[in-house]
Each structure stands twice: as C-alpha cells, then as structure tokens.
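Q: If you want the building blocks of each chain, they are given just below.
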Amino acid sequence: MRYLPLDDADRADMLAKIGVKAIDDLFADVPNAKLLKSLPPLAKTQSEIAVEREIGRLSARNVSAGSVPFFVGAGAYRHHVPASVDHLIQRSEFLTSYTPYQPEITQGTLQYLFEFQSQVALLTGMDVANASMYDGSTACGEAVLMAHRITRRKKAVLSGGLHPHYRAVTETLAKWGDTAVAELPPDPQGKEDAAAAIDGETSCVVVQYPSVYGSIRDLKPIADAAHAKGALLVVVVTEVVALGALKSPGDMGADIVVCEGQSIGNGLNFGGPYVGLFATREKFVRQMPGRLAGETVDAEGKRGYVLTLSTREQHIRREKATSNICTNSGLCALAFTIHMTLLGEAGLRKLAALNHANACDLAERLGKVKGVSVLNDTFFNEFTVRLPGKAADVIEKLAERHILGGVPVSRLEPDHPELADLILVASTEINTDDDRAAFAAALKEVL
Amino acid sequence: MAMNTQGRPTAPGTATIAEIQTFTGNRGLDHEEPLIFEIGDTGRTGVDLPAAPKAKSRLGGLERSAEIGLPGLTEPETMRHYVRLSRKNYAIDSGLYPLGSCTMKHNPRLNEKMARLPGIGDIHPLQPQSTVQGAIQLMETLARYLMELTGMPAVALSPKAGAHGELCGMLAIKAAHEAKGSKRDVVLVPDSAHGTNPATAAFMGYRVKSIPAMADGTVSAEAVKAALGPDVAAIMLTNPNTCGLFEREIVEIAKVVHEAGAYFYCDGANFNAIVGKVRPGDLGVDAMHINLHKTFSTPHGGGGPGAGPVVLSAALAPYAPLPFIRKDGDKLTLVEDASEAGDAAPFGRLTAFHGQMGMYVRALTYMLSHGSDGMRQASEDAVLSANYIRASLKDVMSQPFGGPTGDRPCMHEVLFDDTWLKDTGVTTLDFAKAMIDEGYHPMTMYFPLVVHGAMLIEPTESESKQSLDQFIGTLRFLANEARHGNDKSRFKEAPMLSPRRRLDETKAAREPRLRWRPAAAKAAAE
Ligand SMILES: Cc1ncc(COP(=O)(O)O)c(C=O)c1O
Numbered sequence: 001m002r003y004l005p006l007d008d009a010d011r012a013d014m015l016a017k018i019g020v021k022a023i024d025d026l027f028a029d030v031p032n033a034k035l036l037k038s039l040p041p042l043a044k045t046q047s048e049i050a051v052e053r054e055i056g057r058l059s060a061r062n063v064s065a066g067s068v069p070f071f072v073g074a075g076a077y078r079h080h081v082p083a084s085v086d087h088l089i090q091r092s093e094f095l096t097s098y099t100p101y102q103p104e105i106t107q108g109t110l111q112y113l114f115e116f117q118s119q120v121a122l123l124t125g126m127d128v129a130n131a132s133m134y135d136g137s138t139a140c141g142e143a144v145l146m147a148h149r150i151t152r153r154k155k156a157v158l159s160g161g162l163h164p165h166y167r168a169v170t171e172t173l174a175k176w177g178d179t180a181v182a183e184l185p186p187d188p189q190g191k192e193d194a195a196a197a198i199d200g201e202t203s204c205v206v207v208q209y210p211s212v213y214g215s216i217r218d219l220k221p222i223a224d225a226a227h228a229k230g231a232l233l234v235v236v237v238t239e240v241v242a243l244g245a246l247k248s249p250g251d252m253g254a255d256i257v258v259c260e261g262q263s264i265g266n267g268l269n270f271g272g273p274y275v276g277l278f279a280t281r282e283k284f285v286r287q288m289p290g291r292l293a294g295e296t297v298d299a300e301g302k303r304g305y306v307l308t309l310s311t312r313e314q315h316i317r318r319e320k321a322t323s324n325i326c327t328n329s330g331l332c333a334l335a336f337t338i339h340m341t342l343l344g345e346a347g348l349r350k351l352a353a354l355n356h357a358n359a360c361d362l363a364e365r366l367g368k369v370k371g372v373s374v375l376n377d378t379f380f381n382e383f384t385v386r387l388p389g390k391a392a393d394v395i396e397k398l399a400e401r402h403i404l405g406g407v408p409v410s411r412l413e414p415d416h417p418e419l420a421d422l423i424l425v426a427s428t429e430i431n432t433d434d435d436r437a438a439f440a441a442a443l444k445e446v447l
Numbered sequence: 448m449a450m451n452t453q454g455r456p457t458a459p460g461t462a463t464i465a466e467i468q469t470f471t472g473n474r475g476l477d478h479e480e481p482l483i484f485e486i487g488d489t490g491r492t493g494v495d496l497p498a499a500p501k502a503k504s505r506l507g508g509l510e511r512s513a514e515i516g517l518p519g520l521t522e523p524e525t526m527r528h529y530v531r532l533s534r535k536n537y538a539i540d541s542g543l544y545p546l547g548s549c550t551m552k553h554n555p556r557l558n559e560k561m562a563r564l565p566g567i568g569d570i571h572p573l574q575p576q577s578t579v580q581g582a583i584q585l586m587e588t589l590a591r592y593l594m595e596l597t598g599m600p601a602v603a604l605s606p607k608a609g610a611h612g613e614l615c616g617m618l619a620i621k622a623a624h625e626a627k628g629s630k631r632d633v634v635l636v637p638d639s640a641h642g643t644n645p646a647t648a649a650f651m652g653y654r655v656k657s658i659p660a661m662a663d664g665t666v667s668a669e670a671v672k673a674a675l676g677p678d679v680a681a682i683m684l685t686n687p688n689t690c691g692l693f694e695r696e697i698v699e700i701a702k703v704v705h706e707a708g709a710y711f712y713c714d715g716a717n718f719n720a721i722v723g724k725v726r727p728g729d730l731g732v733d734a735m736h737i738n739l740h741k742t743f744s745t746p747h748g749g750g751g752p753g754a755g756p757v758v759l760s761a762a763l764a765p766y767a768p769l770p771f772i773r774k775d776g777d778k779l780t781l782v783e784d785a786s787e788a789g790d791a792a793p794f795g796r797l798t799a800f801h802g803q804m805g806m807y808v809r810a811l812t813y814m815l816s817h818g819s820d821g822m823r824q825a826s827e828d829a830v831l832s833a834n835y836i837r838a839s840l841k842d843v844m845s846q847p848f849g850g851p852t853g854d855r856p857c858m859h860e861v862l863f864d865d866t867w868l869k870d871t872g873v874t875t876l877d878f879a880k881a882m883i884d885e886g887y888h889p890m891t892m893y894f895p896l897v898v899h900g901a902m903l904i905e906p907t908e909s910e911s912k913q914s915l916d917q918f919i920g921t922l923r924f925l926a927n928e929a930r931h932g933n934d935k936s937r938f939k940e941a942p943m944l945s946p947r948r949r950l951d952e953t954k955a956a957r958e959p960r961l962r963w964r965p966a967a968a969k970a971a972a973e
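Quick note, the sequences are listed as chains A and B, same order. Position 278, counted from 1, in the first sequence is what my numbering calls 278; the numbers after and before it change by one each time, with no gaps. One gets my numbering by counting positions in the second sequence from 1 and adding 447 to each.
Since the hints were derived computationally from the structure, they do not count as laboratory data. Just so it is clear, the structure is predicted and the values come from calculations on it, not from any experiment. Check before you lean on any hint, since a few could be wrong.
To be verified - Pairs of lysine-lysine residues, derived as PhoX-like cross-links and limited to a Cα-Cα distance of at most 25 angstroms, are as follows: (1) A/Lys229 <-> A/Lys302; (2) A/Lys175 <-> B/Lys627; (3) A/Lys320 <-> B/Lys778; (4) A/Lys368 <-> B/Lys501; (5) A/Lys154 <-> B/Lys630; (6) A/Lys17 <-> B/Lys841; (7) B/Lys912 <-> A/Lys21; (8) A/Lys34 <-> B/Lys702; (9) A/Lys397 <-> B/Lys912; (10) A/Lys283 <-> B/Lys954; (11) A/Lys283 <-> A/Lys320; (12) B/Lys774 <-> A/Lys397; (13) B/Lys939 <-> A/Lys175; (14) A/Lys390 <-> B/Lys778; (15) A/Lys34 <-> B/Lys672; (16) B/Lys503 <-> A/Lys302; (17) B/Lys841 <-> A/Lys191; (18) B/Lys672 <-> B/Lys630; (19) B/Lys630 <-> A/Lys175; (20) B/Lys702 <-> B/Lys627; (21) B/Lys935 <-> A/Lys302; (22) A/Lys302 <-> A/Lys283; (23) B/Lys503 <-> A/Lys370; (24) B/Lys912 <-> B/Lys939; (25) B/Lys954 <-> A/Lys302; (26) A/Lys21 <-> B/Lys501; (27) A/Lys320 <-> B/Lys503; (28) B/Lys841 <-> B/Lys939; (29) B/Lys702 <-> A/Lys37; (30) B/Lys501 <-> A/Lys320; (31) B/Lys912 <-> A/Lys17; (32) A/Lys44 <-> B/Lys503; (33) A/Lys302 <-> A/Lys370; (34) A/Lys368 <-> B/Lys503; (35) A/Lys370 <-> A/Lys390; (36) B/Lys912 <-> B/Lys935.
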C-alpha cells in the first residue's frame with residue numbers, strides 16, 4: 001500500500017522488540033468476541049489511476065458552475081479566486097500542520113491569523129475578530145449565545161431577512177439550549193420593523209446585511225432601538241464582498257458581526273468547507289468563542305505571535321468555556337487573507353463595484369422579461385425576482401437549458417406557499433454580458 | 448550523525464549561533480517577515496479587474512466613503528510574504544508530528560486533486576439537485592463506508608468538526624429522551640476526557656458529572672453504574688481513550704448505561720487505532736463522531752477545516768439533523784426541510800447547506816485508495832508503531848498506566864508522565880521544547896489532565912522504521928541528558944534554533960494585542 005512505509009520485515013522486527021508474537025496481542029484489551037475475524041466487505045486497495053477514475057465519474061455527473069451561465073447565490077457565491085491563492089494554501093507547511101500549539105515552530109500560521117483578524121476587524125468596522133469559525137451560520141448561532149451571556153437574557157429576535165438556514169441553526173441551538181427566539185416573518189420586501197419586536201427580555205436582534213432577499217437598510221436606527229432596551233445588535237453578512245462597497249456594520253452600531261467569508265479566497269465546494277468571520281467590540285472580547293492569535297515577544301525580545309486568552313476555551317475551561325469549538329477553518333481563513341491581500345483596498349472596492357454593476361445590469365434585463373418583476377429597491381449583487389408561476393419549476397427548466405438561474409425561495413422556505421413564485425438571483429464578476437443575455441432569453445422562453 | 452561526504456569540511460567557527468548578528472535580522476533561509484500592513488498599502492493590488500461600467504447605484508445611500516485601511520500587495524510580493532511565513536511552520540510533510548490525539552498522518556495529494564475537480568469543487572449547494580446527483584452519490588458512498596466500518600445503521604454527515612459532531616450526537620440523544628418524555632439533565636464525563644466533551648454537554652444545558660478512572664487508566668462499569676441514576680441522560684466516553692488505552696469494560700459499560708435508560712456517546716477521535724479491527728456498533732455505542740481530519744487523512748490546515756460525521760444507532764437515527772439523503776430507486780434526494788422529513792424527526796439543523804463536501808471527497812478518496820485491507824493495515828501499523836516507541840522508551844521514561852514492567856500494550860498512542868523527570872529540574876515543557884531544537888514537533892503535553900506532566904505520543908502509521916528509530920534515538924538521548932547531563936540549558940533555554948525562542952504568553956494575555964493598528968492609533972490606545 002503506497003501510503004504505508006512499514007513492510008513485513010519491519011513489522012516482524014518491531015513485534016519482536018515489543019515482545020509479542022502477533023499484532024492482535026496488542027489488541028488484547030478488545031473483548032475477543034468483538035475483534036473482527038474478517039475484513040469489512042468493502043473494495044480492497046486501489047491504484048491512484050483506479051481511484052481517480054471512480055471519483056472522476058462522480059464528478060462528471062454534476063453540472064459545474066463554471067460550465068454554464070451561473071447566477072446562484074443565497075449565501076455562497078462564485079467569485080474568481082486568483083491562481084496564486086490555491087497554490088499558496090497547498091504549501092505543505094500550511095496544509096499539513098496542526099493548530100499552532102507550539103508557537104516557536106508555527107509562527108507562519110500565527111502571523112497569518114493575526115493578519116486575518118486585523119483584516120476582518122477593519123472590514124467589519126469592529127475592534128477585534130477571532131481566528132475563524134466553521135462558517136457563517138454556526139458563527140451566527142454562537143453570536144446569539146454570546147449575546148445571551150453578555151446581557152444575561154435569553155431571547156433573540158431574528159429578522160425575516162435572515163437566511164433561513166442561519167435561522168434554523170440558531171433556532172436549533174435555542175430549542176435544545178433552553179433559550180428563546182422570536183422570529184419575524186419572511187421579509188422579501190425589506191420593510192419589516194424589527195425594532196418593534198425588541199423588549200426588555202431581548203438579548204439581541206439579528207439582522208442580515210444585505211438581507212437574504214438582497215435589500216440593504218441603514219442599521220443605525222435598529223442599533224439605537226436595541227441599545228435603548230439594553231439589547232445588542234448582531235449583524236450577519238453572507239456576502240463579504242458587499243463590505244467593499246457598503247458602510248461597515250461597525251459604523252452603524254453593531255455589537256457583533258458575523259460573516260460567511262467564502263466569497264473571498266474559497267470555492268463553492270457544494271457548501272463546505274467555508275469560513276466564519278466573527279468580530280466584536282473590545283469590551284466583549286472575553287465572551288467571544290473561538291481562538292485568538294495575539295502579539296507578544298520571545299525570550300530575545302523579538303516580536304512573535306501566540307494563541308491567547310485561552311481561558312475562554314474548552315481545553316482550559318472545559319464545561320465553563322464560551323464554546324465547544326476546537327478545530328476551526330484555518331486553511332479557509334488563509335485563503336481569505338491571501339486573496340484579501342492580493343485585492344487590497346483598491347482591488348476590493350473595484351471588485352465590489354463590478355459585482356454591483358453586473359447585478360444592476362441583470363436586474364434591468366430580467367425586469368424587461370414579460371411577467372417578471374424585480375422586488376428590490378436596493379441590492380448589492382443579489383436580488384429577488386417574482387415570476388408568473390412556480391419558481392422551482394422555472395429553475396428546473398432553465399437547468400435543462402444549461403443555465404443555473406438562481407435559487408427558488410421555496411427551497412429555503414417550503415412552508416411559505418406565498419413565496420413560491422420568487423427566486424434569488426446573483427450576478428458576480430464572473431458573469432459576462434453574454435451570460436446575462438442568455439439568462440434573460442432563456443427565462444423568456446421557459447415562461 | 449551523518450558523514451560529510453562533500454569533501455570540504457564545513458568548518459565550525461568559534462562563535463555560537465546565537466552570537467552572530469546579521470544586518471537584516473534574517474538567518475539564512477529564515478527571514479524576518481513584516482506584517483502585510485507594514486509592507487503593503489491601500490492603493491496596491493495583485494488583481495487586475497476591468498473597471499465597472501457606470502450604473503445607477505442601488506445601494507440605498509449606504510455607500511462606504513471612508514478608507515477601510517486594507518493593504519494590498521502585487522502577486523510577487525504576495526508569494527514572497529506567504530512563502531516566507533510558511534517556512535516558519537512545522538508540518539507533517541517536513542517531519543514526524545507525534546501530536547497525541549490529533550492523528551497527524553500523511554495527507555495524500557490525490558485527495559487534494561479530487562477535491563478540485565470541477566464537478567466537486569465548483570458546484571453550488573443550492574443548484575438544482577438534478578444537477579448534482581454525482582455529489583449526492585459521493586456523500587451516500589461515504590456514508591455507506593462509515594456505517595460499514597463502524598457497524599452502525601445511520602450517519603449524520605453535516606457536522607463540521609469533532610466538537611460539532613459531539614453537539615450533533617448529544618442533540619440526537621436529547622431529542623430521543625424528549626420523545627420518550629424523559630427529563631434528564633446530567634451527562635457523565637470521565638476526568639480524562641477532551642475539553643470539548645464537557646464543553647459540549649454544558650453548551651446544551653446539561654450538568655456535567657465527572658467519573659473517576661481506575662488505577663489502570665480505564666473506566667470501570669462499576670464506577671459508571673454508581674454514577675448512573677434517573678437524571679443521567681448519557682455518558683460521553685472516549686474509546687480508545689485519551690490515555691491511549693482501549694476501554695476494556697466498554698461492553699459492560701454500554702449495558703449498564705442502557706439499563707439505566709441513558710445513551711452512550713462515544714468520542715471517536717481515536718478511531719484510527721481500530722478501523723477494520725473492531726466496530727463501535729458491536730460494542731453498544733449509540734452515537735460517535737469521526738474526525739475525518741484525523742482518521743481519514745483530510746489535512747488539518749493549521750487548525751481546520753475538519754469534518755465530524757456522526758454515526759448513530761437505530762434508537763437515535765430518526766433524530767438525525769437536516770439535511771439527510773433519501774434514496775428512491777436511482778434518484779437521490781437531499782432532504783433539507785422538516786416538512787419533507789416523513790417519518791423522521793430531525794432535531795434541527797447544525798449548519799447552512801450540507802456540510803463539508805471538500806472533506807467528504809478527500810476522506811472517500813483515502814478510503815478507496817486504502818481499501819478494506821489497507822485501512823486495517825493502517826490501524827495495525829499505527830498501533831504497532833506506538834507500541835514500538837513504548838517498548839523502546841520504557842526503560843528511560845515512565846508510563847502512568849504501563850503496568851509494573853511497562854509492558855502493557857497501548858493503542859495508537861503512548862502516554863508517558865513526568866515521574867521520570869523528578870528532581871532533574873527539567874519539566875515536560877522543557878523536554879518538549881528541547882525536541883524542537885532536534886527538529887521535531889513535540890508530542891501533546893499536559894493532556895490528558897489526569898496524568899501529571901503528560902506526554903502523549905502518536906506516531907501514526909505514516910512513519911518508516913528508520914524514522915521511528917531516529918525519533919526513539921533522539922528521545923533516548925534527551926532523556927539521558929535530562930537525567931544525567933550536567934548542563935540543563937539544552938532544556939531550560941530551548942528552543943534556541945527555531946524561528947522564535949519561547950514566547951511570552953503571560954504578556955500576550957495581560958496586554959492583549961489582537962490586531963494590527965496604525966502607529967498613531969496604537970499610541971493612543973496605550
Ligand atoms: C479526544 C478528542 N475529542 C474531541 C476532539 C475535538 O475535535 P475537533 O477538533 O475536530 O472539534 C479532539 C480533537 O482535538 C480530541 O482529541
């Protein structure tokens with residue numbers, strides 16, 4: 001087997017050194033009746049050629065985003081990732097190292113985490129950010145729990161503009177953790193009054209910016225309303241590229257900002273691995289979940305970095321930890337920080353402008369198709385379209401015509417038949433004029 | 448010591464390494480690398496994009512005006528920055544990485560190649576399911592492999608890491624109790640457990656009750672029985688445990704747990720010891736997470752991402768979270784909403800979308816490559832290698848649970864304590880840091896907490912015998928120096944040869960600097 005360096009002669013020598021006769025003598029603590037007498041009924045060792053063929057066959061049965069005009073978003077976006085990003089994250093020293101528990105020999109990881117945290121803090125307009133969470137949705141759930149700890153209250157108000165999956169994750173934690181959520185109804189028009197739902201029991205109000213339906217609202221009034229009642233504002237961003245064009249949540253009074261960072265540096269990967277960004281104000285840092293890299297000096301006074309404030313974490317605090325998270329999304333955070341460094345502020349702003357312009361163009365084209373209307377007044381690179389009929393069927397028909405035309409809202413909100421004629425449509429920098437024209441033409445055909 | 452075969456001797460100078468001061472601060476291949484904030488600026492970029500066509504803004508008047516402050520670098524500068532950083536890291540590809548409980552095995556590069564196939568890496572979780580049947584098939588195949596290897600009838604794939612899997616399994620347990628109308632609020636956790644176990648239980652509102660281990664490092668059914676009661680919802684037990692031992696009373700433990708109406712959550716972080724040897728389902732386990740980033744070789748990537756699928760017993764299977772796969776003849780469906788769940792009673796949703804596809808494909812590639820025979824061989828080699836290290840060091844280092852002669856077999860990791868360092872002035876930490884100067888990543892230290900000065904060594908199956916012998920030789924040398932050497936500076940000062948010396952962690956925690964700030968803001972903040 002090509003991955004196993006020991007051969008039978010080595011094994012015999014080693015058994016002799018250990019002083020046992022057979023390998024199973026080392027499994028003596030396993031109840032004898034439970035030790036498997038034969039191999040599991042699965043295929044035996046295969047060559048690289050054979051495995052590549054098998055996985056290749058599975059891959060070939062999927063329609064890849066890059067092979068068709070592609071407009072699917074709703075929390076995961078197809079952006080161009082520079083070739084150097086994927087090359088760098090595959091450097092052995094990044095790819096095959098563990099969490100930086102020994103800082104003297106993991107300064108590479110620790111420094112990029114420090115840089116990552118700094119970038120995330122700047123982008124979100126917050127004081128501090130952690131070294132990543134699993135993804136945006138779990139970061140959202142953790143943000144609510146953190147708000148409960150800070151305010152010593154137990155009820156979160158969830159905006160109807162929050163991604164339904166994020167809502168479901170947060171709800172699941174609440175349901176089984178004995179806390180409460182007050183959910184506002186789906187808000188495709190971006191008109192809800194979330195402030196009205198805040199009361200003296202509310203720990204936080206969670207809003208998405210731009211909302212899952214694409215609309216963009218000033219968060220200052222809701223931040224003020226929350227703060228007036230002693231609650232926090234949690235802002236969720238599922239498309240971080242938007243923060244290259246929009247005022248930061250921190251500027252508008254957010255207390256905790258969580259983002260899905262996939263858009264920068266990371267591919268679609270059918271939903272994971274992605275990278276959760278988690279940022280907050282300085283005064284809340286000790287209530288934060290997750291790892292933190294911090295600056296310090298070494299024995300010779302040289303600047304270096306370590307994992308710090310670990311007394312919040314499970315390996316020190318056990319049942320009193322702020323979260324149970326251990327493994328996070330380090331390598332995805334690396335991809336994020338490299339891509340962000342390549343972009344720089346100038347590149348990020350340009351990228352954001354391009355996304356917005358492409359989406360504006362698409363909205364105009366789709367709006368001209370008979371029977372189709374764009375719901376949004378405001379949007380960044382994604383918006384909601386009303387169709388004359390069941391959206392899920394239209395999306396299937398478009399797929400038959402080799403166009404991946406967006407997400408039917410019914411897929412995310414199957415319990416709301418009144419939303420069954422809506423689709424979410426995204427256009428990023430990868431789409432060409434031809435792609436958008438083809439989408440509009442095909443839509444006209446299938447309606 | 449290798450011979451110098453180059454002819455010309457590399458003459459040792461008189462200066463010690465520490466005394467040489469270079470102009471740059473660099474030391475040969477080890478470069479001092481500034482932060483991106485110190486070398487980049489907001490106007491520079493490494494990405495050429497076309498200018499956006501003029502359009503009427505639809506941003507609702509919320510355009511960002513002030514500078515963000517994000518520095519950019521061109522591509523060559525970017526390459527250099529990150530390549531230089533990378534060289535300050537230890538990695539499996541550069542050396543043996545004996546970090547106990549973390550299973551730092553070889554990460555096959557075919558896995559990486561497969562994860563980047565367009566039909567795998569470039570598909571969207573919400574594109575029509577009719578366009579991703581191959582991806583769902585891949586998930587289904589992985590699920591089948593995991594069920595076969597564990598002997599369990601169901602698996603929830605979506606958890607994003609081991610700790611997330613713990614949450615998944617424990618939520619299924621909570622849901623099962625609730626369905627029976629039983630109110631229980633205590634979870635039993637041995638003291639030797641990984642921190643995520645008690646943290647997970649507490650995260651869900653359970654009270655944690657610790658159970659003691661026997662003198663031999665395992666938990667007895669009797670101790671479990673004594674701790675059980677009508678308020679106990681579950682036990683969280685790691686097997687093989689964090690001391691590197693197989694819980695020999697596990698079948699009896701499962702029995703008493705079930706008799707008391709509780710469930711058995713098994714932490715499967717150490718599954719690498721037993722793949723193809725024994726199936727957790729045959730031992731009475733109700734739920735167990737599998738760290739694909741340990742046992743099934745998906746790379747740790749400096750801390751993540753991972754994946755933590757959870758296998759479930761028939762009793763817990765109905766409560767598995769959304770999404771899950773349903774099979775209708777040839778057609779595979781990902782059930783994404785409770786309204787479509789039919790007879791199942793999913794406890795909820797743990798993450799957006801469907802979990803860690805990028806890790807599923809890597810793990811499945813590993814499984815197909817190894818095959819059933821290769822996977823069993825890998826586990827046997829991992830256990831063999833750990834025992835070889837144990838047998839080779841037992842006369843110089845002390846084992847807390849090695850028995851009177853140190854001959855008690857361990858599983859895939861071997862645990863030493865610091866009894867043997869008594870009165871030497873050298874601590875576990877010093878010893879670990881001295882390993883760095885010898886070119887090794889240290890073992891896991893001070894975990895499990897139940898053992899004083901713990902050193903947990905997990906070599907994995909990826910090491911050749913030469914590599915193991917060199918490692919053993921190094922530890923024997925260091926052990927001898929620690930015990931009998933006159934000069935302890937090799938330990939107390941260690942590491943001396945790494946990119947950084949020991950770092951001041953107290954300062955880092957007392958004066959937290961968690962991000963870069965411009966010089967002016969920094970002065971103001973201090
Ligand atoms: C015994 C044990 N349990 C649980 C975990 C948690 O797994 P993860 O880091 O994947 O969340 C670990 C990993 O460090 C572990 O060693």
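Q: Now tell me, hint by hint, if it's right for this structure.
A: Against the structure, the hints come out as follows:
1. A/Lys229 <-> A/Lys302: violated (47 angstroms)
2. A/Lys175 <-> B/Lys627: holds (17 angstroms)
3. A/Lys320 <-> B/Lys778: violated (46 angstroms)
4. A/Lys368 <-> B/Lys501: holds (20 angstroms)
5. A/Lys154 <-> B/Lys630: The hint holds at about 21 angstroms.
6. A/Lys17 <-> B/Lys841: holds (12 angstroms)
7. B/Lys912 <-> A/Lys21: holds (18 angstroms)
8. A/Lys34 <-> B/Lys702: Distance ~15 angstroms between lysine 34 of chain A and lysine 702 of chain B Cα, so the pair holds.
9. A/Lys397 <-> B/Lys912: violated (59 angstroms)
10. A/Lys283 <-> B/Lys954: holds (19 angstroms)
11. A/Lys283 <-> A/Lys320: OK: lysine 283 of chain A and lysine 320 of chain A at ~20 angstroms, within 25 angstroms.
12. B/Lys774 <-> A/Lys397: Holds - the C-alpha atoms of lysine 397 of chain A and lysine 774 of chain B are around 23 angstroms apart, at most 25 angstroms.
13. B/Lys939 <-> A/Lys175: violated (51 angstroms)
14. A/Lys390 <-> B/Lys778: Roughly 22 angstroms between the alpha carbons, so the hint for lysine 390 of chain A and lysine 778 of chain B holds.
15. A/Lys34 <-> B/Lys672: holds (22 angstroms)
16. B/Lys503 <-> A/Lys302: violated (51 angstroms)
17. B/Lys841 <-> A/Lys191: It is violated: about 71 angstroms lies between the C-alpha atoms, which goes past 25 angstroms.
18. B/Lys672 <-> B/Lys630: holds (19 angstroms)
19. B/Lys630 <-> A/Lys175: holds (15 angstroms)
20. B/Lys702 <-> B/Lys627: Distance of about 19 angstroms is within 25 angstroms: holds.
21. B/Lys935 <-> A/Lys302: Holds, at about 24 angstroms.
22. A/Lys302 <-> A/Lys283: violated (28 angstroms)
23. B/Lys503 <-> A/Lys370: Holds, because 23 angstroms separates the two Cα atoms, which is no more than 25 angstroms.
24. B/Lys912 <-> B/Lys939: violated (31 angstroms)
25. B/Lys954 <-> A/Lys302: Answer holds: lysine 954 of chain B to lysine 302 of chain A is near 13 angstroms, not above 25 angstroms.
26. A/Lys21 <-> B/Lys501: With Cα atoms ~78 angstroms apart, lysine 21 of chain A and lysine 501 of chain B exceed 25 angstroms; violated.
27. A/Lys320 <-> B/Lys503: Violated: lysine 320 of chain A and lysine 503 of chain B sit about 52 angstroms apart, past 25 angstroms.
28. B/Lys841 <-> B/Lys939: The given pair, whose Cα atoms are some 24 angstroms apart, holds under the 25 angstroms limit.
29. B/Lys702 <-> A/Lys37: This hinted pair holds, its Cα atoms lying about 23 angstroms apart.
30. B/Lys501 <-> A/Lys320: Violated. Lysine 501 of chain B to lysine 320 of chain A sits at ~54 angstroms, over the 25 angstroms cutoff.
31. B/Lys912 <-> A/Lys17: The given pair, whose Cα atoms are some 12 angstroms apart, holds under the 25 angstroms limit.
32. A/Lys44 <-> B/Lys503: violated (61 angstroms)
33. A/Lys302 <-> A/Lys370: Cα-Cα ~67 angstroms, so violated.
34. A/Lys368 <-> B/Lys503: holds (17 angstroms)
35. A/Lys370 <-> A/Lys390: holds (15 angstroms)
36. B/Lys912 <-> B/Lys935: Violated, at about 30 angstroms.
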